[in-house]
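Given chain A's structure and the hints, the job is docking chains B and C onto it.
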Amino acid sequence: MYGRKVKLRFLFILLIILILILTTFLILKSLEENVVFFQSPSEIKALTEIKKKKIRVGGMVKKDSISVVSKEVKFIITDFKNEINVVYSGVIPNLFEEGKGVVAEGYLKDKNYFLATKILAKHDENYMPPEVKAAMEEK
Amino acid sequence: MPSLIGSYSLLFGLGCSFLIIFFSIKNFKNSNLFDSKILSFSLLQLLFVVISFFGLILSFVISDFSNETVFNHSHTTKPLFYKISGAWGNHEGSLLLWLLVLTLFISIFLLNTKNQLKDYRILTLLFQQVIIIGFFIFIIKTSNPFNYIYPEPKEGLGLNPILQDPALAIHPPILYLGYVGSSIIFSSALAAMTLNWVSKEWAKHIKKWILVSWIFLTLGILLGSIWAYYELGWGGFWFWDPVENVSLMPWIALTTLFHCVLVLEKKPILTSWVIILSITTFTLSMCGTFLVRSGILNSVHTFANDPERGVFILIFLFSLIFLALFIFFFFYKPDNVKINSFFWLSKETAILVNNWFMMYFLSVILIGTIYPIFLDVISSEKISVGPPFYHKLIIPFLIPFLLAMAIGPKLNWIKSDLRNKFYLFSFLIISLILSSLIIINLKIDFLVNTILISSGFYLFFITTRDFFVHKFQNLAQNISHFGFSLFILSVLFNNIFSSEIITNLKVGETFKSKDVIIFFEKVTKKKGQNYETIIGKFNIVDSENIKQTLIPELRIYNQPNIVTSEADIKINLLSDKFMTMNLVQNQNYFNIRYQHKPFMIWIWASVSIISFGGLISLFKKKHEV
Amino acid sequence: MKFKIIPILSILFFFIVFAIFFKALQKTSFYTPNINFEKEIPSFSAKIFKMDIEKNSEEIFIGNQFYLINVWASWCVPCREEHNFLMKLKEQKNLKIIGLNYKDKEKNASNFLRELKNPYDQILIDENGTIAIEWGAYGVPESFLIHKRKIIKKIIGPINENLYSEIEGIIQ
Numbered sequence: 167m168y169g170r171k172v173k174l175r176f177l178f179i180l181l182i183i184l185i186l187i188l189t190t191f192l193i194l195k196s197l198e199e200n201v202v203f204f205q206s207p208s209e210i211k212a213l214t215e216i217k218k219k220k221i222r223v224g225g226m227v228k229k230d231s232i233s234v235v236s237k238e239v240k241f242i243i244t245d246f247k248n249e250i251n252v253v254y255s256g257v258i259p260n261l262f263e264e265g266k267g268v269v270a271e272g273y274l275k276d277k278n279y280f281l282a283t284k285i286l287a288k289h290d291e292n293y294m295p296p297e298v299k300a301a302m303e304e305k
Numbered sequence: 134m135p136s137l138i139g140s141y142s143l144l145f146g147l148g149c150s151f152l153i154i155f156f157s158i159k160n161f162k163n164s165n166l167f168d169s170k171i172l173s174f175s176l177l178q179l180l181f182v183v184i185s186f187f188g189l190i191l192s193f194v195i196s197d198f199s200n201e202t203v204f205n206h207s208h209t210t211k212p213l214f215y216k217i218s219g220a221w222g223n224h225e226g227s228l229l230l231w232l233l234v235l236t237l238f239i240s241i242f243l244l245n246t247k248n249q250l251k252d253y254r255i256l257t258l259l260f261q262q263v264i265i266i267g268f269f270i271f272i273i274k275t276s277n278p279f280n281y282i283y284p285e286p287k288e289g290l291g292l293n294p295i296l297q298d299p300a301l302a303i304h305p306p307i308l309y310l311g312y313v314g315s316s317i318i319f320s321s322a323l324a325a326m327t328l329n330w331v332s333k334e335w336a337k338h339i340k341k342w343i344l345v346s347w348i349f350l351t352l353g354i355l356l357g358s359i360w361a362y363y364e365l366g367w368g369g370f371w372f373w374d375p376v377e378n379v380s381l382m383p384w385i386a387l388t389t390l391f392h393c394v395l396v397l398e399k400k401p402i403l404t405s406w407v408i409i410l411s412i413t414t415f416t417l418s419m420c421g422t423f424l425v426r427s428g429i430l431n432s433v434h435t436f437a438n439d440p441e442r443g444v445f446i447l448i449f450l451f452s453l454i455f456l457a458l459f460i461f462f463f464f465y466k467p468d469n470v471k472i473n474s475f476f477w478l479s480k481e482t483a484i485l486v487n488n489w490f491m492m493y494f495l496s497v498i499l500i501g502t503i504y505p506i507f508l509d510v511i512s513s514e515k516i517s518v519g520p521p522f523y524h525k526l527i528i529p530f531l532i533p534f535l536l537a538m539a540i541g542p543k544l545n546w547i548k549s550d551l552r553n554k555f556y557l558f559s560f561l562i563i564s565l566i567l568s569s570l571i572i573i574n575l576k577i578d579f580l581v582n583t584i585l586i587s588s589g590f591y592l593f594f595i596t597t598r599d600f601f602v603h604k605f606q607n608l609a610q611n612i613s614h615f616g617f618s619l620f621i622l623s624v625l626f627n628n629i630f631s632s633e634i635i636t637n638l639k640v641g642e643t644f645k646s647k648d649v650i651i652f653f654e655k656v657t658k659k660k661g662q663n664y665e666t667i668i669g670k671f672n673i674v675d676s677e678n679i680k681q682t683l684i685p686e687l688r689i690y691n692q693p694n695i696v697t698s699e700a701d702i703k704i705n706l707l708s709d710k711f712m713t714m715n716l717v718q719n720q721n722y723f724n725i726r727y728q729h730k731p732f733m734i735w736i737w738a739s740v741s742i743i744s745f746g747g748l749i750s751l752f753k754k755k756h757e758v
Numbered sequence: 008m009k010f011k012i013i014p015i016l017s018i019l020f021f022f023i024v025f026a027i028f029f030k031a032l033q034k035t036s037f038y039t040p041n042i043n044f045e046k047e048i049p050s051f052s053a054k055i056f057k058m059d060i061e062k063n064s065e066e067i068f069i070g071n072q073f074y075l076i077n078v079w080a081s082w083c084v085p086c087r088e089e090h091n092f093l094m095k096l097k098e099q100k101n102l103k104i105i106g107l108n109y110k111d112k113e114k115n116a117s118n119f120l121r122e123l124k125n126p127y128d129q130i131l132i133d134e135n136g137t138i139a140i141e142w143g144a145y146g147v148p149e150s151f152l153i154h155k156r157k158i159i160k161k162i163i164g165p166i167n168e169n170l171y172s173e174i175e176g177i178i179q
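Residue numbers (our numbering), protein chains in the order written: chain A, 167 to 305; chain B, 134 to 758; chain C, 8 to 179.
Check each hint, because a few of them may be wrong.
The list that follows gives simulated cross-link-like pairs (lysine-lysine, DSSO-like), each with its CA atoms no further than 27 Å apart [as the list claims (entries may be wrong)]:
| no. | chain 1 | residue 1 | chain 2 | residue 2 |
| --- | --- | --- | --- | --- |
| 1 | C | K54 | C | K95 |
| 2 | A | K171 | B | K710 |
| 3 | B | K647 | A | K284 |
| 4 | C | K114 | C | K54 |
| 5 | B | K639 | A | K237 |
| 6 | A | K237 | B | K576 |
| 7 | A | K240 | B | K655 |
| 8 | B | K710 | B | K576 |
| 9 | C | K54 | C | K112 |
Note that these hints are calculated values from the structure, not bench results.
If we strip away everything but chain A, and leave its shape as in the complex, we get (with noise of 0.2 Å):
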């Protein structure tokens, strides 16, 4: 019924169309996987579960809360109403004050306690990084 040229072109637009879902099946598979959520310290007590997912913490750095101990770097992250204790080894960026705001990435060992793989920072002194400025608007 159908020319072979006819046939041989479905089977062309048939195989983009099943390639195209594949990618966009695997994108969003990688980006349900990779994707880092961000919560304050309240919404982190307010959890029923701790998960082993990478998350972010903002909030502001607790003043008199920053402490070194030889490799770790040891500080708080409030917004004002909940707390959380972080520990983190690495690189500290240049505006990471007491008293600024912080987004720190890692990993949740429980409620109160915070292990931080990154601390971000940011290029402008006043600037308050949306998710924190959120947070604390919240309370």
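Just chains B and C now, with coordinates in the frame of chain A:
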């Protein structure tokens, strides 16, 4: 005074636009010859924009703080060089630079296309003027660089010290030349579509413009990356940050476009690809400006911005997209006849395959960049997409991509076979053996790394062979592909062999590990022109017992009050030693990062080689075969 | 058929993208271009108007009160505009208004105050404009709302009806 002149010339420049449009439409309808008035007005417009731009630079040089832009971004103690570069280091000035390049390019275009069809020239000019007017209004309405403050402040607020850097001073202009070059491609593609002139001749002529923008874009990205490496002190050159991604996306589109145009030059296929890519490239460039300037993105590189500007660019951007879509669907009639005459093994097919790979890379980056925005709007969840996402989705597909890149140029146009191509196979075996020898003693995933490195080597060997066998034939293409293989190999080795130590030390303390001993000898304080600096002195002994002294700095700028880390980098042909330090607040400890980064210089060099290939192609008379 | 579906779909697609970006922009007040976000007030010392004493910032901003520091000058026309609002704000109990007399002559300033009445609890003199720079002021008039030694709001230009009610809202 310079501000006043600048401000008025901007208005005159906008006026020119309307005159140009008026004469162009008249000329388009009535005469067969190109009206020389149009050219004169275009040059006049360029002149006005140049005056306005120099007005801004002059205001910066004489520190005229009655100008709001100068007040916000300059300071009397700033070195002259950064006063000048400060003119385009901010939002308002950078838009003026956009405008300058827009008008400059259209003038060059008009001067350069005297032998082309009159209608085509006029239509391109018209589309370009639409973009130009958009930018004029944007600048005058929402981000005028010549806003006046009265009374005049005595002192300015200063430029962010991280931006006070030679690489970053020339990074924006070069990147913009690339971005804006794509505007000409966009306008010209729209014009060619309207006139149904998407043909070999058009491809030959637009190819030059594609190359120019491509070279600048490549160099622009390179400079930004070098800057990030030594100034941000994060010990890397690419972080998959949204702001970096938005410059990479037009680059991918442009690279793909260039390859398609090469095909179109030979035979009238892939026309839809060329058109869509021309539109995409410019849209992505604009989109980059939008995303960066509107503050919609959550990026580590932040710029001062306000949402009103965002709304304007957004509306402007989508008007252009809809205009392009309208023309594409109503004017453009592709010749579908020859589309099936592809033979499976030919250069065209190889290019087509690479196109699809490129599009895949592009979509991955695009999705990774804007997905957080979408999710925030739809579900108010704040997320970020990190490097693992990109690595996972891009790296595996580099393998077939590299192989196609090696084999593709070896095929003939139209139809080809694999006889007499024995060396293709033998090189593959050599690469596999070589890379497995390198990888086998390392504690990393053997299979993926071996295959990846061997495909890198494969491209490397094949292009190197071509330098000897074919000499000057396809030289430009070969240089660029060779550069790319070098790039991939350097990045891979850099990744595999990098090592890093992060620790906290007090003055006088020593850090020991099995590879390296770091002794923190002392800190000294000094005063610079507009900053104070704390210089640390570290003695380092590495595993080969080579002693070295590294002196990273911590600069405290006075205006604005910002602390930056200046990395100390010992550059070597084979590897860089990189060190930064930072003070931990309220403690006597310094936070130290020491990195051993192999082949860094090769990454920079290879990207330069890639763009050098483009440069050769631009000046070459004969076409590629 | 095929040729009609594709254009409609793609236009629809771009409209959705546009709408989402547009909405995202509305949300994007997250970057504060306001430079002095919760910044500590600068420390300075200034002469007090018509008195021969100098006070420093620690002595001026004390306690839990709200302060409004208002940069003004007798030669500044928009300052007259906002004067009424300053007079109204004077009636607020937990707000002290401090004037920073910017690049002005003492005689002209007193005339100005005699003519329009004095809304200020205290007036500081900034004869050469250096204090205003330390505050990061752009020009005259400009006001900073201060609480517990932090700048909580910066107002560039004259205070108007809206800003007045906003200040009223904050201090209550």
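Comparing the hints with the structure gives:
no. : hint            : result
1   : C:K54 x C:K95   : holds (26 Å)
2   : A:K171 x B:K710 : violated (61 Å)
3   : B:K647 x A:K284 : holds (25 Å)
4   : C:K114 x C:K54  : holds (15 Å)
5   : B:K639 x A:K237 : holds (11 Å)
6   : A:K237 x B:K576 : holds (25 Å)
7   : A:K240 x B:K655 : holds (25 Å)
8   : B:K710 x B:K576 : holds (23 Å)
9   : C:K54 x C:K112  : holds (13 Å)
Checked against the numbered hints given earlier, this structure breaks only hint 2.
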